[in-house]
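> Sequence:
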Amino acid sequence: MDEWLKEIKESSQPFSEAKALSLLKQLERMEAEEDKTLENGQSKKEKLKSHLYTLLIEKRYERIARYDGLMYKWLEQALSFDPTNSEAKKWQVEFVLQSFVEIDIPTVFPTIRETDHHSAKKERAEQYYQFAEVYFENLERMEKACQGLEQSSIDLEDVPRYSLILQLRSLYKQMEEPFLLILKATKEYAKSISGIYYSAEQLRQIKEATENIQKVAEQWKKQMEQLTSTDHEVSALSQLDKMIGLDPIKARIEKLYQYLQYQKRRTESGFVTKDELSLHMIFTGNPGTGKTTLARLMAKIYYELGLLEHSEVHEVDRSQLVGAYVGQTEEQTLQAIEKASGGVLFIDEAYSLKRSGTSSNDYGQTMIDTLVSAMTNEKKAGTFAVVLAGYPDEMNVFLRSNPGLRSRFPEQNHFHVEDYSSEELLQIGEKVASDNDFLLSDPAKKALLERIERAQVDESFGNARTVKNIILDAIFEKGAKSTGEEAVTADYVLLEEKNFLPEEEKAKEKNAQLELKSLIGLEQVKRELDKLTSFIKVQQLRRKENLPTNAIQLNTIFSGASGTGKTTVAQIYAQVLKELGVLKRGHLVIASRSELVAGYIGQTAAKTKEKIRDALGGVLFIDEAYSLFSDGRGDFGKEAVATLLQEMSTHQENLVVILAGYENEMEALINSNPGIRSRFPKNIVFPSYSQAELQKMMVQKVEQLGYQLTKEAELFLQKIIPDAGHQGNGRFVVNAVEQLIQLQAERIVNEESFEMADLMTLTRSDLQQLVQDKEEE
Numbered sequence: 009m010d011e012w013l014k015e016i017k018e019s020s021q022p023f024s025e026a027k028a029l030s031l032l033k034q035l036e037r038m039e040a041e042e043d044k045t046l047e048n049g050q051s052k053k054e055k056l057k058s059h060l061y062t063l064l065i066e067k068r069y070e071r072i073a074r075y076d077g078l079m080y081k082w083l084e085q086a087l088s089f090d091p092t093n094s095e096a097k098k099w100q101v102e103f104v105l106q107s108f109v110e111i112d113i114p115t116v117f118p119t120i121r122e123t124d125h126h127s128a129k130k131e132r133a134e135q136y137y138q139f140a141e142v143y144f145e146n147l148e149r150m151e152k153a154c155q156g157l158e159q160s161s162i163d164l165e166d167v168p169r170y171s172l173i174l175q176l177r178s179l180y181k182q183m184e185e186p187f188l189l190i191l192k193a194t195k196e197y198a199k200s201i202s203g204i205y206y207s208a209e210q211l212r213q214i215k216e217a218t219e220n221i222q223k224v225a226e227q228w229k230k231q232m233e234q235l236t237s238t239d240h241e242v243s244a245l246s247q248l249d250k251m252i253g254l255d256p257i258k259a260r261i262e263k264l265y266q267y268l269q270y271q272k273r274r275t276e277s278g279f280v281t282k283d284e285l286s287l288h289m290i291f292t293g294n295p296g297t298g299k300t301t302l303a304r305l306m307a308k309i310y311y312e313l314g315l316l317e318h319s320e321v322h323e324v325d326r327s328q329l330v331g332a333y334v335g336q337t338e339e340q341t342l343q344a345i346e347k348a349s350g351g352v353l354f355i356d357e358a359y360s361l362k363r364s365g366t367s368s369n370d371y372g373q374t375m376i377d378t379l380v381s382a383m384t385n386e387k388k389a390g391t392f393a394v395v396l397a398g399y400p401d402e403m404n405v406f407l408r409s410n411p412g413l414r415s416r417f418p419e420q421n422h423f424h425v426e427d428y429s430s431e432e433l434l435q436i437g438e439k440v441a442s443d444n445d446f447l448l449s450d451p452a453k454k455a456l457l458e459r460i461e462r463a464q465v466d467e468s469f470g471n472a473r474t475v476k477n478i479i480l481d482a483i484f485e486k487g488a489k490s491t492g493e494e495a496v497t498a499d500y501v502l503l504e505e506k507n508f509l510p511e512e513e514k515a516k517e518k519n520a521q522l523e524l525k526s527l528i529g530l531e532q533v534k535r536e537l538d539k540l541t542s543f544i545k546v547q548q549l550r551r552k553e554n555l556p557t558n559a560i561q562l563n564t565i566f567s568g569a570s571g572t573g574k575t576t577v578a579q580i581y582a583q584v585l586k587e588l589g590v591l592k593r594g595h596l597v598i599a600s601r602s603e604l605v606a607g608y609i610g611q612t613a614a615k616t617k618e619k620i621r622d623a624l625g626g627v628l629f630i631d632e633a634y635s636l637f638s639d640g641r642g643d644f645g646k647e648a649v650a651t652l653l654q655e656m657s658t659h660q661e662n663l664v665v666i667l668a669g670y671e672n673e674m675e676a677l678i679n680s681n682p683g684i685r686s687r688f689p690k691n692i693v694f695p696s697y698s699q700a701e702l703q704k705m706m707v708q709k710v711e712q713l714g715y716q717l718t719k720e721a722e723l724f725l726q727k728i729i730p731d732a733g734h735q736g737n738g739r740f741v742v743n744a745v746e747q748l749i750q751l752q753a754e755r756i757v758n759e760e761s762f763e764m765a766d767l768m769t770l771t772r773s774d775l776q777q778l779v780q781d782k783e784e785e
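The sequence shown begins at 9 in our numbering and counts up by one.
These aren't lab readings, by the way, just hints derived from the structure by calculation. Note that beta-carbon positions come from the ideal geometry of N, C-alpha and C, so glycine has one too. Hints should not be assumed to be uniformly reliable.
So the derived label-pair ranges between C-beta atoms look like this [what the hints assert, rightly or not]:
1) Val280 / Val405: 34 to 40 angstroms
2) Gly390 / Pro451: 51 to 57 angstroms
3) Asp249 / Gln106: 27 to 33 angstroms
4) Glu262 / Ser94: 28 to 34 angstroms
5) Arg74 / Gly390: 36 to 42 angstroms
6) Tyr270 / Asn220: 53 to 59 angstroms
7) Val280 / Glu346: 51 to 57 angstroms
8) Phe23 / Glu262: 58 to 64 angstroms
9) Asn220 / Glu262: 50 to 56 angstroms
10) Lys81 / Glu262: 29 to 35 angstroms
11) Gln780 / Ala559: 55 to 61 angstroms
12) Gly492 / Gln420: 41 to 47 angstroms
13) Thr119 / Tyr270: 51 to 57 angstroms
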């Protein structure tokens, strides 16, 4: 306990809600051992729990800037564990003050007129009576709250804002006597009313009491206004500043804001600006970079500066603008412009409006012409702003194809939103979790960062959108695994490492290097890969110590006969590189010539790039790679190789390529292109398996499939494997075992009786039948 308290008090890092919840969870789930160390009648464990609950209240208030039921529950816990906790008492004072804020005192009472009908007079009297009843209910709650504060050994005079409670309490009690009078007088007044007659004395007392109450109520109202006065209006520029990342965009928009303010002041001073700055903007960026959010903020900025009538954004895409027949596009576009009038028309994925190579009945160009016309029309120009958004490359092509449109968006109004850094994405993830009332433990943050980096492999990465999905998936995992018997607050709030990496996924993870060592044979291959992984580890250690490092060449050639384990080792190699942190995903994508080479000019490069995109973050394994080269005319294999080498340079830290094939043919491939030799410096040769190795592989394969060989059968294995091995290598083993299992099944079915053990046993006779079948073939 002392170590934990020391860590909390002396930590250089701000103490977080997540840390407090983690410690509370540990305390709750520790073995129930008697804590005999007492301090002022409290055990150290209880005092620590009280302190942690107080920290939770403090950090939650910092985060949500208001009081809620969960904080009050934590306060009760803190005081139950340690009534002498002075920090908890401070928060108790704040909660009492908050309860005062929620008290509603009438400052205006309904008037009782002498000319009112007796039923109306009675109704007013009943209203006065109800006001009095509510007052005394509130007074009772106030007194209980104040008594709760006073029930401790803490000197409340030293607690901040306690004096304010005493003032408000005194002020509120000043209304006690007038409300007592109202209770008595309204009841008697109601009884006295008969037709047009009533008790004038009772009416006078009621009016006098209400005047006294109103005077005190006005003072109460002023006190409450001071107590709750906060500036809730947040400018669009302030909202932009609070967004995570986007520093270059913030700087540019702030300059634009200052310029627009300057122009506004010039206009107010009587100066004329003939050529005003265009309000139309373009935001380019990859998915999830905040383009839509920025468009909405620009609408608010324009509105705050008085450049637009309102801050509403009308969001549309191609499907809402481009019609299917003549006239429909103009109609839909003008309708969208009308809806955006006074505000902003936001067109997402704007590049889709103009599709290259489309048929004559595509009306995207019509939509653009209609929009440009409205932007320059004397009646509509300046009444709305257009914001276009889309991916960078596509938007550049789109604007180049429409010079008339481009001229309506000046260069200074083009904003490119960069991808978020990993640290910024982590902050976004924490905010998404916080918005859903969840917190991340420190190990969970590391797991989230790992998930983010694993997803950051190509341009399809969704930035903030992807991070949001990861967080929501983790929340789902936590809820789906709940037992309904959650014991502590942390079970409802804290996202942990296991929520980002489910148990079933962890169970699937293997130590790839151990898996490599468990393979039969391939000793030289294992040695080569061990040397490579050792080199990677040392370079990583040198980088960590700020020592010079050498480039790590991971692209490799696997050469050897079929069935020698090239694909299996490639799969393990990919996983090894993932475990070492070299690759983000560590998956294996297998490709052959047919999946890379097309039959027409221009198609091969696109086909090859698509396969490479699938492999980003992992290993691309090209089997029979030598087949990419052919001496025939019109063959596009060389285009595939050229594209591959180019993409390897582009994605060098995010892609590993293995070329595989027969030894002689692979040597010829290397010699055919200098670029291949330079990018694939290592050639690992896979030798054919020996008879003994193939025999071990057969036994292993049989056991993996849930069978076992009798001793006689195991000895007979040598009969079906040639002394020099088999040219089919591992494939021979797979095929032989499958045939053997089928022969065993045939034998069992033909026997009159059998036991359960027979279903799992392969006998010498099964192997003899296998040899006989092969001889007959």
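> Could you say whether the range 29 to 35 angstroms given as a hint is met by the Cβ separation of Lys81 and Glu262?
42 angstroms Cβ-Cβ, so the 29 to 35 angstroms window is violated.
> How does the Cβ-Cβ distance of Phe23 and Glu262 compare with 58 to 64 angstroms: does it lie in that range?
Taking Cβ atoms as reference, Phe23 and Glu262 lie about 34 angstroms apart, which means the hint is violated.
> Note whether the CB distance of Val280 and Glu346 lies within 51 to 57 angstroms or breaks it.
Given range 51 to 57 angstroms: violated, Cβ gap about 30 angstroms.
> Given the hint of 55 to 61 angstroms, check if Gln780 and Ala559 actually sit that far apart at their C-beta atoms.
Given about 57 angstroms between the Cβ atoms, the range holds.
> If you check the beta carbons of Asn220 and Glu262, does the distance land in 50 to 56 angstroms?
Check passed, 55 angstroms falls within 50 to 56 angstroms.
> Could you check the hint for me, namely that Gly492 and Gln420 are 41 to 47 angstroms apart, CB to CB?
Between Gly492 and Gln420, where Cβ atoms are some 58 angstroms apart, the hint is violated.
> For the hint 51 to 57 angstroms, verify it against the beta carbon of Thr119 and that of Tyr270.
55 angstroms, holds
> Against the range 27 to 33 angstroms, how does the distance between the Cβ atoms of Asp249 and Gln106 compare: consistent or not?
Given range 27 to 33 angstroms: holds, Cβ gap about 29 angstroms.
> Are Arg74 and Gly390 spaced within 36 to 42 angstroms by their CB atoms?
Hint holds: Cβ distance 41 angstroms, inside 36 to 42 angstroms.
> So does Tyr270 sit 53 to 59 angstroms from Asn220, Cβ to Cβ?
Once the Cβ atoms are compared, 56 angstroms apart, the range 53 to 59 angstroms for Asn220 and Tyr270 holds.
> Do the beta carbons of Glu262 and Ser94 sit within 28 to 34 angstroms of each other?
44 angstroms, violated
> 34 to 40 angstroms was suggested as the range; check whether the CB atoms of Val280 and Val405 agree with it.
Once the Cβ atoms are compared, 39 angstroms apart, the range 34 to 40 angstroms for Val405 and Val280 holds.
Checked against the numbered hints given earlier, this structure breaks hints 4, 7, 8, 10 and 12; the rest are met.
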